[in-house]
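K.L.:
What follows is each chain in one-letter form.
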Amino acid sequence: MNINGQWIAFKTIVYREIRRFMRIWVQTLVPPAITIALYFVIFGNLIGSRIGEMGGFDYMQFVVPGLIMMAIIQNSYANVVSSFFGTKFQRNIEEMLVSPVTEVVILLGYIVGGMARGLAVGAIVTVLALFFTDLTVHNWFVTISMVFLTSIVFSLAGFINAVYAESFDDISIIPTFVLTPMIYLGGVFYSVDLLPDFWAGVSMLNPILYMVNGFRYGILGVSDIGLIQAYAMLVIFVVVGFMFSLYLLTRAERLRT
Amino acid sequence: MSAALEINDLRKVYSNGFEALKGISLKVEAGDFYALLGPNGAGKSTTIGVICSLVAKSSGKVSVFGYDIDSHFTEAKQCIGVVPQEFNFNQFEKVLDIVVTQGGYYGLPRRVALERAEKYLRLLDLWDMRDSISRNLSGGMKRRLMIARALVHEPKLLILDEPTAGVDIELRRSMWEFLEKVNANGTTIILTTHYLEEAESLCRNIAIIDSGVIIENTSMKALLRKLTREVFVLDTKATVKDDLQVPGFVTRVIDDHCIETEVDQKQTLNELFECLAEQGITITSMRNKANRLEEMFVSVLNAPAEAGDAA
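Residue numbers (our numbering), protein chains in the order written: chain A, 143 to 399; chain B, 6 to 316.
Any given hint could turn out to be false.
No farther apart than 27 Å at their CA atoms in a straight line, the calculated lysine-lysine pairs in the BS3-like style are these [as the list claims (entries may be wrong)]:
id, chain 1, residue 1, chain 2, residue 2
1, B, Lys124, A, Lys153
2, A, Lys230, B, Lys99
3, B, Lys147, A, Lys230
4, B, Lys124, B, Lys186
5, B, Lys66, B, Lys147
6, A, Lys153, B, Lys161
7, B, Lys99, A, Lys153
Since the hints were made in silico from the structure, they are not lab data.
Because the structure is a prediction, the values reported are computed rather than measured.
Whole structure, please, built from the sequences with the hints as guidance.
P.N.:
So, in structure tokens, the structure goes:
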């Protein structure tokens, strides 16, 4: 199959992925919007008004970039992990494995599908945020590139989780016990400057800290982390995650017999 | 012209040490309707899995229309359509979406995929169900959906792994007619089945695999010629005696209007009817007790054991 054929196959996978999460929009788009709206109300409005300023901004403004990024991370991850595991579980992954579509195209299709949901939820949450605070973008390039790179990283993470998962429990364990604590401790709700030196140092090991702060820089122009560090961290995760995912798919020892 | 499928010394050893394929070799000519038979666990599905890249082979060569599945895998895969034994489509997708999406995986533009999907869903009487969620289809419809899906890119080689399992007789026969038309239009078909009547009616050539080894690989006619005896069930016009004996033929009385007789390769049905006529027995109808291929299949599978017993 030539490049044009592979391009059609790629579009087919992306279209199928978008169709999947749009078909079940009540499960995929509405709950994160409600959850994040509650965060805006509780942490932003009710509690936030008593917290005062953080990083030179009122708390609502400070927390909005983190909450948008949290929605993007969770939904990019959730889309790929549930879609790919479902494909494995129902064995319709065989439809792709018997076809001439290459492993790179399959992987890219799932990544873009994950990004599509992450960005869709991110856009919904951003619109909701406008009801609670004014949003201006400090640097469009940083904002957009941070969103794209982060959603790629967590689409890849969801893919790796799905390859290793053998039951539905396995696709909820990582989000519950790993992803959620990392997000909550990744500077979504606070500046690491507030932490004692030791815990601030430990936080530096959390990749989500770099993503949240990179995105916050794009929106507000403030960050706990240097921008170059944040980009370096993201690019490393994208490259390593992509190569490892491709290795899993090419060897496909967990997908083929 | 290259063979539709050529397998040389194919071996598969699973990680638990089980040797599913012990160096099988096969050649299926283009345009053939080929049966791959064998008991459960013989290695049929493993062989198909290797051809379709769902099972990693341990060693050996497989080529499809001259394309090696390792070095020219996209060209080889483009030639193959596969209907697996188990339902393996997304149970939550609509029928039309499943077929069109499969076309996309093979590089068909959406417009072409939609046209082809309509063509094959109509041919398989599924067009009216195109907007149904696939899990709501009956078992027979699901089987036909998998055939439509396998044909959407119009493969040169169609592989069907027990396509009529669990399908009622009427539908099975209509699927046979459909597959005969597909074959007549030039598509090579490889079929595995447990319905030996199906293989005998449809296939021109046959391989029998047992314990990972090909024990027969010949034409259907040549295989059936090896059948040394057939058992016929005869319905009689008048009542027959319990102790009926037909000289030269092993005969059993089933009931007072039915007998069962073995006819070996050296005997003729004329001789049997003459013997029966001499005893005043008139036959109103007759049939084979078992499908001829079934008898042959059993005798081929039992041959090594019988040889061992004799030794």
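K.L.:
Does each hint hold? Answer for all of them.
P.N.:
Structure-based check of each hint:
1. Lys124(B) / Lys153(A): Judged against 27 Å, a Cα distance of about 23 Å means the pair holds.
2. Lys230(A) / Lys99(B): Since the Cα atoms of Lys230(A) and Lys99(B) sit roughly 18 Å apart, the hinted pair holds (cutoff 27 Å).
3. Lys147(B) / Lys230(A): Holds - the C-alpha atoms of Lys230(A) and Lys147(B) are around 19 Å apart, at most 27 Å.
4. Lys124(B) / Lys186(B): 14 Å, holds
5. Lys66(B) / Lys147(B): Between Lys66(B) and Lys147(B) the Cα gap is close to 33 Å, so the pair fails against 27 Å, i.e. violated.
6. Lys153(A) / Lys161(B): 25 Å, holds
7. Lys99(B) / Lys153(A): 18 Å, holds
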